[in-house]
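Student: Take the sequences, apply the hints, and build the full model.
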Amino acid sequence: MKVLVVNSLAPFLHGGAEELANNLVQNLNRYGAEAELLRIPFSWDPAERLLEEMLICRQFQLWNVDRVIALRFPAYLVPFQRKTLWILHQFRQAYDLYDAGQSHLASDARGTVIREAIRTADNNCFAEARHLFTNSPVTAERLKRYNGFDSVVLRPPLNDPELFAGDNPGNYIFAGGRINSGKRQHLLVEAMSRVKSSVNLVIAGPPDQPGDAATLRELVARHNLGDRVTLDLGLLSRHKIAGYVNGALACAYLPFDEDSFGYVTMEACQAGKPMITSSDSGGVLDLILHEDTGMVCEPDAGSLAEAIDRLAHDRNLSRRLGDNARNRWLSLNLTWERTVERLLS
Amino acid sequence: MRVAICSSFVPFIHGGGRFIVEWLATKLRESGHQVEAVYLPFVEINEQILPQFLSYRLMDLSQNVDRLITIRAPAHLIPHPNKKVWFIHHIRLFYDLWESPYRKFPDDERHRGLRRQIMEADQTALREARQVFTNSQVVSRRLQTYNKIESEVLYPPLLEPERFHCREYGDEVVYLSRVEHHKRQHLLIEAFRYVKTPVKLRLCGVSSNSSYVLQLRLQITRHQLLGRVSFENRWVSEEEKSELLAGALCSAYLPQDEDSYGYPSLESSSAEKAVLTTTDSGGVTELVKDRYNGRVVEPEPKALASAIDELYENRELARQMGQAARLRLTELNINWDHVLTRLLS
Amino acid sequence: MKLGWATPFNANSAIARFSADVTRELIALGHEVTILRSEVGEDLALPPLPSNAPIISANRKWNADKFDLVVINIGDNHAYHGGISLNAKLHAVGIFHDWCIVNLFNGWLAGTRDQFQGDEIVRRLYGAAVLRQFQEASPRDFLEIAGRLFPMTEWYAERLDGALVHSDFYLESVRSACPGPVMRLPLAYAGRTPMDQSPRRTDGLIHVLTFGMVNPNKRIESVLRALAARPELKERIAYRVAGSVTPQERTRLERIAAECGVTHFHLEGRVSDDLLDKLIRESDIICCLRFPALEGSSASVLEAMQSGRPVIVTDTGCYAEIPDGLVLKIRPQAEISDLQQHLFALLQSPDERERMGQAAALWARDQSDPARYARDAMAHFQRVITTQPLLRCAESAGREAGLWGLEPNDPFLRRVATQFENLWPKS
Numbered sequence: 001m002k003v004l005v006v007n008s009l010a011p012f013l014h015g016g017a018e019e020l021a022n023n024l025v026q027n028l029n030r031y032g033a034e035a036e037l038l039r040i041p042f043s044w045d046p047a048e049r050l051l052e053e054m055l056i057c058r059q060f061q062l063w064n065v066d067r068v069i070a071l072r073f074p075a076y077l078v079p080f081q082r083k084t085l086w087i088l089h090q091f092r093q094a095y096d097l098y099d100a101g102q103s104h105l106a107s108d109a110r111g112t113v114i115r116e117a118i119r120t121a122d123n124n125c126f127a128e129a130r131h132l133f134t135n136s137p138v139t140a141e142r143l144k145r146y147n148g149f150d151s152v153v154l155r156p157p158l159n160d161p162e163l164f165a166g167d168n169p170g171n172y173i174f175a176g177g178r179i180n181s182g183k184r185q186h187l188l189v190e191a192m193s194r195v196k197s198s199v200n201l202v203i204a205g206p207p208d209q210p211g212d213a214a215t216l217r218e219l220v221a222r223h224n225l226g227d228r229v230t231l232d233l234g235l236l237s238r239h240k241i242a243g244y245v246n247g248a249l250a251c252a253y254l255p256f257d258e259d260s261f262g263y264v265t266m267e268a269c270q271a272g273k274p275m276i277t278s279s280d281s282g283g284v285l286d287l288i289l290h291e292d293t294g295m296v297c298e299p300d301a302g303s304l305a306e307a308i309d310r311l312a313h314d315r316n317l318s319r320r321l322g323d324n325a326r327n328r329w330l331s332l333n334l335t336w337e338r339t340v341e342r343l344l345s
Numbered sequence: 001m002r003v004a005i006c007s008s009f010v011p012f013i014h015g016g017g018r019f020i021v022e023w024l025a026t027k028l029r030e031s032g033h034q035v036e037a038v039y040l041p042f043v044e045i046n047e048q049i050l051p052q053f054l055s056y057r058l059m060d061l062s063q064n065v066d067r068l069i070t071i072r073a074p075a076h077l078i079p080h081p082n083k084k085v086w087f088i089h090h091i092r093l094f095y096d097l098w099e100s101p102y103r104k105f106p107d108d109e110r111h112r113g114l115r116r117q118i119m120e121a122d123q124t125a126l127r128e129a130r131q132v133f134t135n136s137q138v139v140s141r142r143l144q145t146y147n148k149i150e151s152e153v154l155y156p157p158l159l160e161p162e163r164f165h166c167r168e169y170g171d172e173v174v175y176l177s178r179v180e181h182h183k184r185q186h187l188l189i190e191a192f193r194y195v196k197t198p199v200k201l202r203l204c205g206v207s208s209n210s211s212y213v214l215q216l217r218l219q220i221t222r223h224q225l226l227g228r229v230s231f232e233n234r235w236v237s238e239e240e241k242s243e244l245l246a247g248a249l250c251s252a253y254l255p256q257d258e259d260s261y262g263y264p265s266l267e268s269s270s271a272e273k274a275v276l277t278t279t280d281s282g283g284v285t286e287l288v289k290d291r292y293n294g295r296v297v298e299p300e301p302k303a304l305a306s307a308i309d310e311l312y313e314n315r316e317l318a319r320q321m322g323q324a325a326r327l328r329l330t331e332l333n334i335n336w337d338h339v340l341t342r343l344l345s
Numbered sequence: 001m002k003l004g005w006a007t008p009f010n011a012n013s014a015i016a017r018f019s020a021d022v023t024r025e026l027i028a029l030g031h032e033v034t035i036l037r038s039e040v041g042e043d044l045a046l047p048p049l050p051s052n053a054p055i056i057s058a059n060r061k062w063n064a065d066k067f068d069l070v071v072i073n074i075g076d077n078h079a080y081h082g083g084i085s086l087n088a089k090l091h092a093v094g095i096f097h098d099w100c101i102v103n104l105f106n107g108w109l110a111g112t113r114d115q116f117q118g119d120e121i122v123r124r125l126y127g128a129a130v131l132r133q134f135q136e137a138s139p140r141d142f143l144e145i146a147g148r149l150f151p152m153t154e155w156y157a158e159r160l161d162g163a164l165v166h167s168d169f170y171l172e173s174v175r176s177a178c179p180g181p182v183m184r185l186p187l188a189y190a191g192r193t194p195m196d197q198s199p200r201r202t203d204g205l206i207h208v209l210t211f212g213m214v215n216p217n218k219r220i221e222s223v224l225r226a227l228a229a230r231p232e233l234k235e236r237i238a239y240r241v242a243g244s245v246t247p248q249e250r251t252r253l254e255r256i257a258a259e260c261g262v263t264h265f266h267l268e269g270r271v272s273d274d275l276l277d278k279l280i281r282e283s284d285i286i287c288c289l290r291f292p293a294l295e296g297s298s299a300s301v302l303e304a305m306q307s308g309r310p311v312i313v314t315d316t317g318c319y320a321e322i323p324d325g326l327v328l329k330i331r332p333q334a335e336i337s338d339l340q341q342h343l344f345a346l347l348q349s350p351d352e353r354e355r356m357g358q359a360a361a362l363w364a365r366d367q368s369d370p371a372r373y374a375r376d377a378m379a380h381f382q383r384v385i386t387t388q389p390l391l392r393c394a395e396s397a398g399r400e401a402g403l404w405g406l407e408p409n410d411p412f413l414r415r416v417a418t419q420f421e422n423l424w425p426k427s
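Chains as they are written, first to last, in the numbering used here: chain C, 1 to 345; chain U, 1 to 345; chain Z, 1 to 427.
Don't read these hints as lab results, they were simulated from the structure.
From the three backbone atoms N, C-alpha and C, an ideal C-beta is built for every residue, glycine too.
Treat the hints with care, since some could be wrong.
[What the hints assert, rightly or not] Listed below are the simulated DSS-like cross-link pairs for lysine-lysine, each with C-alpha atoms no more than 27 Å apart in a straight line: (1) U/K302 with U/K196; (2) Z/K329 with U/K104; (3) Z/K426 with Z/K89; (4) Z/K426 with U/K148; (5) Z/K2 with U/K104; (6) Z/K66 with Z/K2; (7) Z/K278 with Z/K329; (8) Z/K278 with Z/K234; (9) Z/K329 with Z/K234.
[Said to hold, decoys possible] Taking CB as the label site, the calculated pair distances span: (10) U/K104 with C/E116: 38 to 48 Å; (11) C/T120 with U/D66: 27 to 37 Å; (12) U/F12 with C/G148: 31 to 41 Å; (13) U/E44 with C/E128: 24 to 34 Å.
Tutor: Following this line, the structure appears as structure tokens:
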């Protein structure tokens, strides 16, 4: 079966969606299909451009393709009989970000015309789809609320679960993932200034902006935590990251209102490590339950420090939570093989 | 620089255009540039041609892209202030193949109207480019004839010519290319009915045409050439190609009227082996000059046989031509430094 | 080229005669022509003009693939032109013989039985204020107001892939509505053989003739009042009108003549071609007034001028484009006084009548070559065919935008149109 994965492309900006598209193609090829990736350039500024972008996609034609799996606006508008949509996100500026006042679409008559055009094009596309999958409950809820369509939540799996086999717990908390103010790694640094046990903290990952790295370094310096907190900032290899996870006592991930589990969470669970998170971390809490598969704290340094100390002092607890986390995660059977199977059904 | 390479493609069909894009991207990255290789669909359905042209035309790559290099038509329609076109072929049915049996639609007013619009769009878009390059003189001539556009020939090099080397001038003529009717493996097999020396022939390559493959096998059997002609219908790895060329007497590459010289000719030249071709092979004759770096003979089995016998009996001649073949690549500037200089200046 | 030529094709229609002449020339140029009769109702049963081309009814909805191009001759007469199904897009080129086609519009509207659709079209083209006028105008003033405010040219032009117009004054309005190329081409009208000069009547009166269907826009009433205003005119001019006339209109005009004291006034009614020739031969002056001037170009005035008689016209529409000195022009806002002046001057000077008549005939003869028209029209048709793939492409973009709820005049579509012009500058 010839499967074309269709995604939007913002030239030279590569994020999670690009990674996912690449992994999807790889895994489609691995599990029985012949797959390729179509990336359609997308330029969304100024808002008027959105109309051109939609027309561009609508006038393309696809030939020599058996199935299409489309991931994002506006690429998913490309005409094809009965596409499978795996919506990573719609064009949020026309929907929830508009409502939150964070959109570049004006709230005047013209802005409304454009938003309505997007909504209509979206609705027509969704109505004709063979399958409507979304990547998280949040995306599914938005799709239902704004467009009235039901969808099946199909979470993106871990790309390389075999790397996260887990190992004996060491003496550090590991905080992975992108570094920015929304991910709130700074709270962990502050927590470390209150931690009583001798456990350390390793923060590793790519900062979104140079300023994000500077903030953390400053914070470590200010609290004199240079010997307790390791900052390994930048784009690290998967092996390096797996190494940090596998050898950790526990992992920490406390983003503000995340849409879904987050790869950091999945990696920790796969490796059987308990996870420290926050009560306002959104989708992470679908997997991490307090004192079951991890520790759910208040988003403040004190609460986090307490949780860190508990896990450090009570190794039985941390082992039990870690095992639960791994079992819980595996029971979801969130693998690429299963994902491909569902996408091609 | 942030360079976008844009080309049209047909999903799951991998032709020469793809290698140019991928290899150019590799070389640009090696030189420190950031590269996005963008493939956009294009289907030659008459009623859809102009709407798809419009899609290409509406594309906005001005943000984030410093330099646009377009390859396969109609990618050159994409507007950009810094556009260079490396033109590999027209939509030939509307150009030089208009008078051929390949055109299945009538030569009536309506289709002539479409033809005029295609030509006009091509001309407008090509004129905008800072420079237009082609992959052969054949294509340059066509651009001049049909679109009144001046262009510079920029020969596409191999990705890793250093893989190829010469070990000896052995007893075998090799033809390492896709096995298709227009590549005319059957002509070469026919020639082997008339060779007088013990020279052998090795044909290797994949095919999209199983009946042609069968035809070749029957031909070999019918003329009792099984002892001299080896035919392997399979994909050949780079290592294998290199090995086979290293020990060959010479190579053959004799497609019917092909625009470009073809990678097999370059591979052979890089391995210091003469190329045997015919007068009607098209672009190959830009590379191969008779008795300089190969033989260019009439497309007749006996003429081919005679040329092969001569090389078999005169290894010194084979060696001289082989060396000249390598030199020719330098003469024609077939290297990536030259390509990058021309495309990025 | 294979052309479908949609036209009325009965002997009473000037456009039919034009079509017969031009298609004959097109066939002589080597093209294949099929006549698609556009009459409806009983007029479709009228015998066709003689022609070498096959003749079928346009009602049968021609198969577009049979023809390289379809040409539609457009006139303001539903009985003659209503046989064309007015789809949103006609993929054809139109020849606008009439510029004001409000009667055709109303005939079409009656057939759709959807008055709201008609109102919506008028409102979209001309605005809410004009729509009110459309709805409220009295039958008597309707045509005059239509000419000023809602000629409906655009309603037809926007459905076409290209158009030909016969005069400059309505070129821009067709061009603004028609998505394809529009060109002005002077009407060729072979008309009648030129006639000699000498009047035949010996009654000592100067004969003024008006011919054509009698309706208010021919300004017959104004002529009567002009004659009435000066004793010399009343006594020495005989005014004849040849053309079909309703009993009510006859009564009305004869009453006005009687009231004004114009005795030398004769309504002939509908006349045969031969009788009309005789009347023209017997006339000294032809009065070819129009207000409003609905036609794109006037076959009647060409006929009048070809006859070698001095012609008086209204200074409006296509008549205004006739070179000065070849005809006498009256201002629409000063009809009666200008008429008086011109008639009196012509009355006084037989030499002037002769000079003007000769000059007019020479010019009109130059206009009369259908072979020229056929050749120039073909060049334009070629242009239209070449542009058609672009129009289809534009329509597909428009359709897509329409699916998103965008209006046809959305700035987005204008931007797309600019891209078209940018990529295809010659078209």
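Student: Confirm or reject each hint.
Tutor: Each hint tested on the structure:
1. U/K302 with U/K196: Distance of about 11 Å is within 27 Å: holds.
2. Z/K329 with U/K104: 60 Å, violated
3. Z/K426 with Z/K89: With Cα atoms ~23 Å apart, Z/K426 and Z/K89 stay inside 27 Å; holds.
4. Z/K426 with U/K148: Distance ~16 Å between Z/K426 and U/K148 Cα, so the pair holds.
5. Z/K2 with U/K104: At roughly 20 Å apart (the allowed maximum being 27 Å), U/K104 and Z/K2 satisfy the hint.
6. Z/K66 with Z/K2: 8 Å, holds
7. Z/K278 with Z/K329: This hinted pair holds, its Cα atoms lying about 25 Å apart.
8. Z/K278 with Z/K234: 23 Å, holds
9. Z/K329 with Z/K234: OK: Z/K329 and Z/K234 at ~21 Å, within 27 Å.
10. U/K104 with C/E116: 38 to 48 Å: Given about 43 Å between the Cβ atoms, the range holds.
11. C/T120 with U/D66: 27 to 37 Å: 36 Å, holds
12. U/F12 with C/G148: 31 to 41 Å: About 35 Å separates the Cβ atoms of U/F12 and C/G148, which means 31 to 41 Å holds.
13. U/E44 with C/E128: 24 to 34 Å: The hint (24 to 34 Å, Cβ to Cβ) holds, given that U/E44 and C/E128 are roughly 25 Å apart.
When held up to the earlier numbered hints, the structure conflicts with hint 2 and nothing else.
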